[in-house]
Each structure stands twice: as C-alpha cells, then as structure tokens.
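Number of protein chains: 2
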Amino acid sequence: MTDPRLADLAARSPGLRLLTEPADLVHYGRDWTRRWTPAPIAIALPSSVAEVQDVVRWANDHRIALVPSGGRTGLSGGAVAAHGELVLSLERMHRVLGFSPAGRLLAVQAGITLQAAQEAARAHGLIYPVDFAARGSCTIGGNVATNAGGIRVIRYGNTRDWIAGLTVVTGEGELIELNRGLVKNSSGYDLRQLMIGSEGTLGVVVGALLELTDPPPPAQVMLLALPDIDAVLAVFALFRRRLSLQAFEFFTDVALAHVLAHGAQRALAGEYPCYVVTEFDAADEAAQQAALAAFEEGAAQGWIIDGVIAQSQAQAEALWRLREGITESLAPHKPYKNDVAVRIDAVPAFLGEIQALLAREYPQFEVVWFGHIGDGNLHINILKPAAMDDAAFIAECERVTVLLAAVLEKHGGSISAEHGIGLVKRPYLESTRSAAEIALMCGIKRVFDPQRLLNPGKLFPVD
Amino acid sequence: MTDPRLADLAARSPGLRLLTEPADLVHYGRDWTRRWTPAPIAIALPSSVAEVQDVVRWANDHRIALVPSGGRTGLSGGAVAAHGELVLSLERMHRVLGFSPAGRLLAVQAGITLQAAQEAARAHGLIYPVDFAARGSCTIGGNVATNAGGIRVIRYGNTRDWIAGLTVVTGEGELIELNRGLVKNSSGYDLRQLMIGSEGTLGVVVGALLELTDPPPPAQVMLLALPDIDAVLAVFALFRRRLSLQAFEFFTDVALAHVLAHGAQRALAGEYPCYVVTEFDAADEAAQQAALAAFEEGAAQGWIIDGVIAQSQAQAEALWRLREGITESLAPHKPYKNDVAVRIDAVPAFLGEIQALLAREYPQFEVVWFGHIGDGNLHINILKPAAMDDAAFIAECERVTVLLAAVLEKHGGSISAEHGIGLVKRPYLESTRSAAEIALMCGIKRVFDPQRLLNPGKLFPVD
Numbered sequence: 001m002t003d004p005r006l007a008d009l010a011a012r013s014p015g016l017r018l019l020t021e022p023a024d025l026v027h028y029g030r031d032w033t034r035r036w037t038p039a040p041i042a043i044a045l046p047s048s049v050a051e052v053q054d055v056v057r058w059a060n061d062h063r064i065a066l067v068p069s070g071g072r073t074g075l076s077g078g079a080v081a082a083h084g085e086l087v088l089s090l091e092r093m094h095r096v097l098g099f100s101p102a103g104r105l106l107a108v109q110a111g112i113t114l115q116a117a118q119e120a121a122r123a124h125g126l127i128y129p130v131d132f133a134a135r136g137s138c139t140i141g142g143n144v145a146t147n148a149g150g151i152r153v154i155r156y157g158n159t160r161d162w163i164a165g166l167t168v169v170t171g172e173g174e175l176i177e178l179n180r181g182l183v184k185n186s187s188g189y190d191l192r193q194l195m196i197g198s199e200g201t202l203g204v205v206v207g208a209l210l211e212l213t214d215p216p217p218p219a220q221v222m223l224l225a226l227p228d229i230d231a232v233l234a235v236f237a238l239f240r241r242r243l244s245l246q247a248f249e250f251f252t253d254v255a256l257a258h259v260l261a262h263g264a265q266r267a268l269a270g271e272y273p274c275y276v277v278t279e280f281d282a283a284d285e286a287a288q289q290a291a292l293a294a295f296e297e298g299a300a301q302g303w304i305i306d307g308v309i310a311q312s313q314a315q316a317e318a319l320w321r322l323r324e325g326i327t328e329s330l331a332p333h334k335p336y337k338n339d340v341a342v343r344i345d346a347v348p349a350f351l352g353e354i355q356a357l358l359a360r361e362y363p364q365f366e367v368v369w370f371g372h373i374g375d376g377n378l379h380i381n382i383l384k385p386a387a388m389d390d391a392a393f394i395a396e397c398e399r400v401t402v403l404l405a406a407v408l409e410k411h412g413g414s415i416s417a418e419h420g421i422g423l424v425k426r427p428y429l430e431s432t433r434s435a436a437e438i439a440l441m442c443g444i445k446r447v448f449d450p451q452r453l454l455n456p457g458k459l460f461p462v463d
Numbered sequence: 001m002t003d004p005r006l007a008d009l010a011a012r013s014p015g016l017r018l019l020t021e022p023a024d025l026v027h028y029g030r031d032w033t034r035r036w037t038p039a040p041i042a043i044a045l046p047s048s049v050a051e052v053q054d055v056v057r058w059a060n061d062h063r064i065a066l067v068p069s070g071g072r073t074g075l076s077g078g079a080v081a082a083h084g085e086l087v088l089s090l091e092r093m094h095r096v097l098g099f100s101p102a103g104r105l106l107a108v109q110a111g112i113t114l115q116a117a118q119e120a121a122r123a124h125g126l127i128y129p130v131d132f133a134a135r136g137s138c139t140i141g142g143n144v145a146t147n148a149g150g151i152r153v154i155r156y157g158n159t160r161d162w163i164a165g166l167t168v169v170t171g172e173g174e175l176i177e178l179n180r181g182l183v184k185n186s187s188g189y190d191l192r193q194l195m196i197g198s199e200g201t202l203g204v205v206v207g208a209l210l211e212l213t214d215p216p217p218p219a220q221v222m223l224l225a226l227p228d229i230d231a232v233l234a235v236f237a238l239f240r241r242r243l244s245l246q247a248f249e250f251f252t253d254v255a256l257a258h259v260l261a262h263g264a265q266r267a268l269a270g271e272y273p274c275y276v277v278t279e280f281d282a283a284d285e286a287a288q289q290a291a292l293a294a295f296e297e298g299a300a301q302g303w304i305i306d307g308v309i310a311q312s313q314a315q316a317e318a319l320w321r322l323r324e325g326i327t328e329s330l331a332p333h334k335p336y337k338n339d340v341a342v343r344i345d346a347v348p349a350f351l352g353e354i355q356a357l358l359a360r361e362y363p364q365f366e367v368v369w370f371g372h373i374g375d376g377n378l379h380i381n382i383l384k385p386a387a388m389d390d391a392a393f394i395a396e397c398e399r400v401t402v403l404l405a406a407v408l409e410k411h412g413g414s415i416s417a418e419h420g421i422g423l424v425k426r427p428y429l430e431s432t433r434s435a436a437e438i439a440l441m442c443g444i445k446r447v448f449d450p451q452r453l454l455n456p457g458k459l460f461p462v463d
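Here the protein sequences line up with chains A and B, keeping their order.
Residue numbering for the first sequence follows the UniProt record's numbering, beginning at 1 and increasing consecutively.
Residue numbering for the second sequence follows the UniProt record's numbering, beginning at 1 and increasing consecutively.
Here chain A stands alone, though its shape is the one from the complex (with noise of 0.2 Å):
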C-alpha cells in the first residue's frame, strides 16, 4: 500500500478489504471480453453500504476513477479496468436481507449471483424469473446495470420488469432509496428505471428490491430441427399462437457443432441447418396434446424436419444445454460478439439484409448465429481463425459492425439487446440512439457523477 492516496483511503475506511497483488488486478481488472489489458490501481471489496460510501468520496478527493464490479461476466467491457481505476467489487455484499410474502418482494445486496437470489425466491416457493446461462456467476447488481434479459423474456421480459426497488450510492457518495417496493408511486421521476441499464455510469447499486412471481405450470423442452431462419419465425408465430411459451431459442448447426465439440450430448440423429429449444406450459393432457398438434403442423408445412420431446428432467436440461453451452463452447475461439435488436415485425426484412451482408464482407470467417427470436434478439458471432492476429481480427471486425450499424439504424433497430454499450459498442452508439438523446444522456451523467468518475469511458463515444 505504498501509494499515499490507497493509503488515505485504507485510514478513512479502516474496515475496507483492499487487494493490490497483480493476479487480482488481472482477476478483478478484466470481465469475459479479453481485449483490454486489465491494469486497476487496487480493487476495493466493500462489506456494508458505508464502506462503498468511504470510497466514492474518497474517489472524488482523489478524482480517481471508479469502476463498479459484480460477476465480470460482462461481454460489453463494461466492468474493465484498464487504466489506472479503482475496481469497486460487490462481491462481499451477496446476502438475502429480508423477504415480505405480502408484497412478495425479496430484499438483496447487490453483489448476490443470479441463482442465489433464484434459490432464495424459490425457498419462498416463488420464483424470480429472470435467467440466462451465467446465472452460477454474474451478480444482480450487473443485472440491474445492463437490464438483463435473457431467455425467458417472451414470457417474463426484462430486468426492468422485476425491480421494486435499488439502493444506490451516487457518484458523488449520496446514499438514495429508490422506490422502496412501491407498486404505484407517481411522486416524481423514476430515477430507479433510469438507473437500470446505466452500466454503472450514475451510481453504484447497493442493493435491490426483487419482485418475485409463482412458478409456472409444469412445462416441457422440444428440441425441433429446421431448414432455414424463415422457418424458425414461423414455427414462431405458429407456437407462440397455439402454446403458452417460456422461451423460444434458435441457433445454427455450427453453433450446435461447437456445443457438441464442447462435450454436450447429440439429441438428434439427423444435421439440419437450425434448431430450435422451446419450453412451453404442459401443466395438462390438453396443453400436451397442443403441443404435439403445433408439432405436427409445423412438420406438415415443411418448417419442422425433425424434433424431440423431453420425458425427463435431465433430458430437459441436456436439450438446453445445446442452447445454453453456446458462449462458453465459443470462447475458445475469441469471438468478436454482436448483440442486436430489432422490432419484432423487421425481424424478416432486417434478417435477410443482415445475412447477405455477412455472406458478402465475412465469407473467410466462421460465423454462429443464436438468438431470442421472439423479442427481436440476435446473436451473431464471429470466431477468429486461429492463426490470425487478434488484433487485425478485431479491425476487420469493426470494419464491418459499421455497415451492420447501418443496417441497424434503417430498421430502427438496437446496437446493443441485452449486454450493453461498455467499451465494445462504444462507437456504434450513434446507430441507435440520436445526437439529441446522447446530448441529454450526457447532461444526466454530469448531475449524477459531476467528476465523471463512475465508469469513464463506458458507454459514451466521448468521455
């Protein structure tokens, strides 16, 4: 702890845990992009409200940079430190704080995982409906951070849905409650939503007020085999009319033969161009037989080819694991990571433009292609070949994220679904939000964070 203002801060906060050894620089510094070396002056892990408080202040007498840290599992660059910031980590604050079965409102510290705090609401017998494969590691304060969607948001939506409530620490260390569960509160603006999706930029999140849900009927997973991406939106509308979906995911047979290289499990005989894994309610015979109806028209007009139906628990999760082992199957291979939106009814249009764009500026490159579907959500991948050179990988890249920008903004369309601006979209964010807007994101940023220490560099083109 030699540098006197790491110093200061360890006698303003006796009781703060400070970290200064390089492998927890690199450890806390970086989050799942690898593009950025990690180089943080010290990682701080607050254990109370007051000790995040200490260094917020601490951050503005000093005007030391801060960036704010849950799970890391972030694939925007939104928790990377990589220039001298102090890495602020929640990870000590991951308690359950309380329960009220009336209001059916689960009180957590922000830097609980996802699937803590899923466990907890089903100890309740409720559940918190918010999931996606990094639920054992990304914590609710990155959820809250960048809305966090995932796969069950046809039936569930967002993160924005499911909070009553943030504690947060301003950027100038002001402690505020935002609307404390309240389900009607027309007092005012919400500054709770505004801070949702905020990547950190406004304030730290301490802690959060969960709405919780009963759980669904008992459901059951098809895994379908499909010919083409048309086929997958119309066995879309065809489900979503006939079945109650949870969840409605696509991806490609190269990113099922990822998967499959990554140790999952085959679960049809056949190869086929895309897949689909659905989980849809099956509480009765009738839903059952439902399904199998929808099943039989879909194959009847040529957009199924094949598919299966889970008869056990564990077959239901080797099917999604077809679809959940997908990120970490890809990792491997450096993916360079695109994560758009679109309308739901431009979908089509905006598919067919987007594909022929890639076939023509990336024919040398593997590309794996998932997605949401259902809530307009596309993953495309594009995996570097091993013997390139990461960082004329990323330049070429970049090149063309610029024309799919541009596809982007013609269909009003979001450069960025569910993982955020961070470092990554940074220079894109023109494609969906307007000068006007960022003028106004800009001026909100200044009243929060007036030294502009909270996340610099992230999610503005211009800090």
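Derived from the structure by calculation, the hints contain no laboratory data.
Predicted, not measured: the structure shown is a model, and the values here were computed from it.
Be aware that a few hints might be false.
[Claimed, not checked] Keeping only pairs whose Cα atoms sit at most 20 Å apart, straight-line, the calculated SDA-like set for lysine to any residue is: (1) A:Lys384 - A:Ala406; (2) B:Lys410 - A:Gly98; (3) B:Lys410 - B:Glu430; (4) A:Lys410 - A:Ala356; (5) B:Lys334 - B:Tyr362; (6) A:Lys410 - A:Pro427; (7) B:Lys334 - B:Phe365; (8) B:Lys337 - B:Leu383; (9) A:Lys334 - A:Ala387; (10) B:Lys410 - A:Ser100; (11) A:Lys334 - A:Ala386; (12) A:Lys337 - A:Gln364; (13) B:Lys410 - A:Ala102; (14) B:Lys337 - B:Ala359; (15) A:Lys410 - B:Lys410; (16) A:Lys337 - A:Glu366; (17) B:Lys410 - A:Leu175; (18) B:Lys410 - A:Ala107; (19) A:Lys410 - B:Ser100; (20) A:Lys337 - A:Lys384; (21) A:Lys410 - A:Glu366; (22) B:Lys334 - B:Ile394; (23) A:Lys384 - A:Ala359; (24) A:Lys410 - B:Glu177.
[Claimed, not checked] Some chain A residues judged to face chain B by a derived CB distance under 10 Å, without partners named: (25) Tyr189; (26) Arg343; (27) Ala436.
[Stated by the list, open to error] Part of the chain A face toward chain B, derived, beta carbon under 8 Å: (28) Gly181; (29) Leu182; (30) Leu191; (31) Ser416; (32) Met441.
For every residue, glycine included, the Cβ atom is placed at its ideal position computed from N, Cα and C.
Please arrange chain B on chain A, whose structure you already have, making use of the hints.
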C-alpha cells in the same frame, strides 16, 4: 391576437390553431381540480409534431411557459395554467397511426383518449389493459405524464409497463424517438422510462407505441360487504391465493351513500361498513367453484357478511358503477383528495395509524375512503362542509396533510400513488423523495428544459 408574441407565433406557424376567447381560456386552463383560477395567455391546438416544435421553439425565444394538456382529468393540478402560460393542447392529435401484429404494438398520437386506444386494440382482437373511470376523457399523453394506474394494476401493472416507445418534443424543441418499440434495448439510459411520470416537465409527449396483450379469460364480478378494513385485507389475501384476480377495489359505506345519491342502483339490501368490487378469471366451472369456495371461506371466517355475483354483463356493469361512480359523485362536495400508497406489507400498520389520525384531526369532516388495497394505494377524500369557505377548508386539509405525510414517510410510502404531484402535492414531495433525490431531479429538469418553460411550478417544491 393583439399580443405581439401571439402574433409572432401565428406568423411562424401559419396552420396552428390558436384560441384566446375567455371561455376557451377557462376551459383549457384548468383540470378536475378547481382550486386555481385559469389564466393562460392562449391555447395552442397543434395538429402535427412540427407544430408542437414550432410552439416550443417560440416559447424558448419569448421565454413563455408552456402547459402540456391532454384530457385535463388530472386531480393534482398538473395541467392547470393560472399564470399566463400557453396551454399546449394535444386534443387534435388523437389518431391511431398504425398497428403491428407481430409486435402487438399500437402507434397512437398522444391526444387519443384511453377509451379510443382501448377500442382500437379490441378491433385487433387484443387489449390495452390500463383502465380507469376517466377513460372516455383522459388521454394517453396524460396517462404517460402521470404513469396512470387504475383498477387493473394488480393484474397488469401501471402505464409504465405498456409503453414500448415514446415520441417526445424536449424543452428545447428537439424531437426524440425513445425506444421505438424494441423489446430489448440495452443501449444507454432509458429516457422513455424517465419521461413516464414526469408530468410534462421534461418534454411534450406527442406519440406513443402501446403494447397490447391477449384479452383475459371470461371474468366474473362480485360485490362483497365486509365489517371493517381488516376484513378487506384478509379477504384480499384469501382471494389472491385462491383466484386469478383482475381487480379488487374497496370502498366504504360513506362512499356508497354518495354513489347511490348520485343515481346508482343499490345491489345489496343491507348496509355495511365496507364493500369490495372484485373481478376474477372464471373461464370454466372449476374457476367458478373456486370463487364460491373462497366466498364461503371468507363468510365462515366472518370477513364477508354478504355478497352478490353478477349474473349478466349489465349487472357486472352496475356493480362496477358503485366503485367507478365515486369520484364523480363526490365532485359537488369539492373534495380534498389524498392519493397515497405504501408497500403492501405496510398497509395494515399504516391504515391503523392513519384512521386514528383522521378521526382525531378531522372529526368535523366527512371522510370518504376507497382504493385499490391490492397495490397499496388508498384514496382518502375529505368533503367540504357546504357552509365552509373554500380557502379555510383547504387550509385545514393542508394542515392535516402535513401530519399524513409524516406518517407516510415513516412507512416509506408515497404522497402520490397515481395522480402525480402537480401543484396540489408539491409542498409534500419531501415526504416521499429525499433531498438528494430532489436535487438529482432538478438537475435532470435543467438538462431537458434549460429555460424551465415546461409546466413550471408543477412537481418541484421550488422552481
């Protein structure tokens, strides 16, 4: 048009309709509150977004305050123009602009009434589920301004949950398109959500994309008579556990007496302290049996004294009229309105304190209670004795509102659940929002409206 400023506006925007007749100034210068004397400079009735921008830019050049105006059914003075403001009425912008079946989105201009939007949704076999008694007069723009709640919040949430996009003219006349109907969009601050509930202080909402949903299953409507408010809470817990509730609205004998005096039909022979109108899914015989069983259990516990199930659509509407007619029936008594909310788990303790407070402080006044209970929202109306002077009555009510606000603050409640702050609750905002929050809100206001021309004096305690 002798005022040179108005002549300038007419010259800049030749197609703009402007009204300056005294009767128009009165009509457009007030809302359902009648406390302030309308005194706008004029009424502008734009028919296009460009005309709205003309008005806002003109207001900036001349530094004239603007009052955005919808159906003026507000109960908090949010649409009052009593200080020479220009009223910017959206009433001519009332069209449905389009419908997207895939996204289930209805595009409307802000001046459309809630009822017209509901009917447009039904024409597509879907519903826009926000609903309350002012539906025929209130507008979507006004609903957005106050984040309107209403009688279906326990099933469907507030206006906030059904707005997929907003078209807004900011305080400087910039046009911004917020979120554009995207289901997933993690690309910077969600200014759409910030705008919802901002009471016309940040921008003029000129259009909205409304999310629609499937109609609920067939429902039944039941009127219950109960001995006290504790029984109302107990029956709510019972019914919520056993039935799929769409609405659960409570009112007292005093409220019923006013509605009956106003022409509604009595539905139960006896007279009881409390009543509930509840609507619940009753798609099949099993659901109807469940409702009867819940009723019988409530009766066996002594929580329900009497009740009736509507046997026809006409009877269902008659039962609903007992609840929905309350506000109108009270209007001749110039009620002082409190629209408060607490967390659901705080309702019993809060109710106990507040009943004692009102009995102690208002022994001379008639107090009419009604509310939504299931979402923690209570409407407490104090009726003016006919012989009492208006100003003396309001002064006496405001003295007690200070005490009420203190009880609310203690329970973490809200001084305005769904009416907004406007002029009426402005002195009490600090009971619900901390000084730090209010400072942030003022900062945001300056970003969107640097000259503070949009609805000045509303919402903020000091302007």
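Structure-based check of each hint:
1. A:Lys384 - A:Ala406: violated, 23 Å
2. B:Lys410 - A:Gly98: Judged against 20 Å, a Cα distance of about 19 Å means the pair holds.
3. B:Lys410 - B:Glu430: The given pair, whose Cα atoms are some 12 Å apart, holds under the 20 Å limit.
4. A:Lys410 - A:Ala356: Satisfied, since the Cα-Cα distance of roughly 15 Å is no more than 20 Å.
5. B:Lys334 - B:Tyr362: Cα-Cα ~16 Å, so holds.
6. A:Lys410 - A:Pro427: The hint holds at about 17 Å.
7. B:Lys334 - B:Phe365: holds, 12 Å
8. B:Lys337 - B:Leu383: holds, 9 Å
9. A:Lys334 - A:Ala387: Given that 20 Å is the threshold and the Cα spacing comes to 12 Å, the pair holds.
10. B:Lys410 - A:Ser100: holds, 18 Å
11. A:Lys334 - A:Ala386: Judged against 20 Å, a Cα distance of about 9 Å means the pair holds.
12. A:Lys337 - A:Gln364: holds, 16 Å
13. B:Lys410 - A:Ala102: Holds - the C-alpha atoms of A:Ala102 and B:Lys410 are around 19 Å apart, at most 20 Å.
14. B:Lys337 - B:Ala359: Distance ~16 Å between B:Lys337 and B:Ala359 Cα, so the pair holds.
15. A:Lys410 - B:Lys410: violated, 51 Å
16. A:Lys337 - A:Glu366: The hint holds at about 12 Å.
17. B:Lys410 - A:Leu175: OK: B:Lys410 and A:Leu175 at ~18 Å, within 20 Å.
18. B:Lys410 - A:Ala107: Since the Cα atoms of B:Lys410 and A:Ala107 sit roughly 19 Å apart, the hinted pair holds (cutoff 20 Å).
19. A:Lys410 - B:Ser100: Measuring from Cα to Cα gives roughly 18 Å; hence the hint holds.
20. A:Lys337 - A:Lys384: Distance ~11 Å between A:Lys337 and A:Lys384 Cα, so the pair holds.
21. A:Lys410 - A:Glu366: Judged against 20 Å, a Cα distance of about 26 Å means the pair is violated.
22. B:Lys334 - B:Ile394: The given pair, whose Cα atoms are some 10 Å apart, holds under the 20 Å limit.
23. A:Lys384 - A:Ala359: Holds, because 16 Å separates the two Cα atoms, which is no more than 20 Å.
24. A:Lys410 - B:Glu177: Holds, at roughly 14 Å.
25. Tyr189: With a minimum Cβ separation of about 5 Å from chain B (threshold 10 Å), the hint on A:Tyr189 holds.
26. Arg343: holds, 5 Å
27. Ala436: holds, 4 Å
28. Gly181: At 5 Å from the nearest chain B Cβ, A:Gly181 passes the 8 Å test, so the hint holds.
29. Leu182: holds, 5 Å
30. Leu191: Since the shortest Cβ distance to chain B is 6 Å, the answer is holds.
31. Ser416: Constraint on A:Ser416 satisfied, holds at 5 Å.
32. Met441: holds, 5 Å
The structure does not agree with the numbered hints 1, 15, 21 stated previously, though it agrees with the rest.
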